[in-house]
Structures are given as structure tokens and as C-alpha cells.
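Enquirer: Residue numbers (my numbering), protein chains in the order written: chain A, 1 to 90; chain B, 1 to 90; chain C, 1 to 90; chain D, 1 to 90.
Simulated from the structure, these hints should not be mistaken for laboratory data. What you were told as hints is all true, and nothing was included just to trick you.
For identical chains, the list gives no copy identity; a pair is met inside one copy or between any two copies.
Straight-line distance between alpha carbons at most 27 angstroms, and here's what the computed DSSO-like set of lysine-lysine pairs gives:
no., residue 1, residue 2
1, Lys26, Lys81
2, Lys88, Lys26
3, Lys26, Lys52
4, Lys9, Lys88
5, Lys75, Lys88
6, Lys9, Lys81
4 protein chains.
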Amino acid sequence: MANKTAPDKRKTVGHRLAIIDGHLRKVRRMVEEGAYCVDIIHQSQAIQSALKNFDEEMLRQHLRVCVARDMQAGKSDTVTKELIDIYKRL
Amino acid sequence: MANKTAPDKRKTVGHRLAIIDGHLRKVRRMVEEGAYCVDIIHQSQAIQSALKNFDEEMLRQHLRVCVARDMQAGKSDTVTKELIDIYKRL
Amino acid sequence: MANKTAPDKRKTVGHRLAIIDGHLRKVRRMVEEGAYCVDIIHQSQAIQSALKNFDEEMLRQHLRVCVARDMQAGKSDTVTKELIDIYKRL
Amino acid sequence: MANKTAPDKRKTVGHRLAIIDGHLRKVRRMVEEGAYCVDIIHQSQAIQSALKNFDEEMLRQHLRVCVARDMQAGKSDTVTKELIDIYKRL
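The following block holds chain A by itself, in its conformation from the complex:
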């Protein structure tokens, strides 16, 4: 339970995801309507950018809460592995 997303954060990030979902629906419509490839790519890149900002918000919360607590509990190996794993996928 201690690892769960804080309830007060859920609403904010949930709202961000709803907006991203709307943008994704727009890309699907653009493809169906045969829009210009470059416009479709721009829209898709904007979604990736929004997801990266979403990740930043999740990461900030993770560092402040979970990492702080786990480092204090001496779990530096697990924490380091998890954070490096996120870094490598970037």
C-alpha cells in the first residue's frame, strides 16, 4: 500500500492522461481521414512529449515519497536498479 500513487496526485495525473487520450483519438481520426503524413507525425510527437511530462510528474512523486523512504530503509540497491532502468528506456 505504501507504494501506491497518492490519492491527491491521482486526480491531477488522471486529468493529464484524459487530455493525452483526446490527442490520440485525434491522431486516429487523422489517419482514417488520410491527413498529411507530416501533420500526423507532429501530432504523435506532441503526444510523446506530453507522456514524457507525465512521467516527469510521476518520477518527481516517486523520488520524494518512495525513494526517500526506501533509501532511509537501506534499500539503495533496489532503488538504484529501478531508477537506472527508467533512465535506460529513455
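Dock chains B, C and D against chain A, hints included.
Expert: The following block gives chains B, C and D in isolation, referenced to the frame of chain A:
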């Protein structure tokens, strides 16, 4: 009309986007259920990766069809500007 | 020979690389002197950013000159493969 | 002093940087000799990749040593700010 996504490609890329949409719905559910931040970030990074692959497919088609035609029509400045713009947003 | 970097461009991009080289020497010195890890990472990230800008300049020239010429010669498959290859490594 | 790069790590990462320096010198030579743009871009992308791996190594050490210590000292705000800053520049 010449700039539109080829109909035969629309179905394939449309299918990709439907899968990405499913993954995004999963992220939204994870946030609502208060899943572990690191798992949420991994899922979001997977979506960004899938969108990058989608862009690659769109770009490939764009190069083969639109860029080839526009370069032959002498529009190298416009083409260059558009492609550099995609590169810069990466 | 037609594929070679234009001589007028060589000086400009060569100058950029000399600056990047200076920054890399600075990172090496920071490591030797045992500087703070975060400061070293920032400096390394700045070099990556400078190299990405250098690539953008090279790509711009490549599109205007080589891609324009090769597309006009009907080599759209080779050109597409080369550009997608650059995109995938990003 | 507590924030300094550990001496035992300095040699390893210093060696990595020496190799990267060699690759950068190769790019400079390629530009001077007017090599094919695409080959130059590939070489530059390889350097960026090597620098990202170098950062990963630095970050791993930073997490294990400095972040663990600073989180235990209750400095979660400073640590979070520094790590988010690295993330944003990616």
C-alpha cells in the same frame, strides 16, 4: 489529395494506433487504482516507444512517396524544412 | 566525390566540433579532479546536445544536396533506407 | 569532498572518455576529408550513445552513494530537484 495517407497503409497504421489506445487505457486504469509509480512509468515509456515506431512507419511512407515526388518537382527547400522540423522535435 | 561534404560547410562544422572537443576535455578534467557527479552529467548532456545540433546541420545539408539529387535520379529506396536508419538511432 | 567521484571509479570512466575522445577526433578528420554526410552522422550518433552510457555509469554511482546518503540526511527536496533536472535534459 496527393499528400494524403495511402488507403492501403491506413488500415495497418490504424490497427497500430488501436493497440496504443488500449495501452493508454491501461495506464489510466493503473493511475486510478493507485498502482506503483515505477510500473506506471514503464507502461508510459512503452507507449512512447510504440508511437516512435508508428512515426517511423509514417516517415518511411512519407519519404518514399511525398519526398520523392516533391524533390523531383524541385521543392527541396520545403522538404528539407519539414524533415528538419520532425528531427528537432525528437 | 559527389557525396562529399561541401568545402564551404567543412569550416563551419569543423569549428563546431573543435568547441565540442573543448567541452569533452573539460569533462575528462572534471572526472580526474573528482568533481560532483551531477555537474559531470550536466556537462556530458550539453555535449550530446551540441552533437545533436551538429547532426541537424549535417542532415540539413544532406537533404538539400544529396537527397534532392538522389531522389531526382530515382533512388528513393536507398535514400529512404538511409534516412530511416538515422531516425532509428535517435 | 563527500560529493567527489570515488577514486576507484575515476580510472574506469576516465578510460571510457578517452575512447569517446578518439571517436570525436575521427569525426573531425572525416569532416576535414569531406566524408559522406550520412557516415559522419552515424559516427556522431555513436558518440552520443557512448556518452549516454557514460552518464548511466555516473548516475548509478551517484544514486548508490550521494543520493542514498542525502536521502538518509532528509534532503529529499534537493535530491529530487537534481534528478528531475537530469531527466528533463534527456
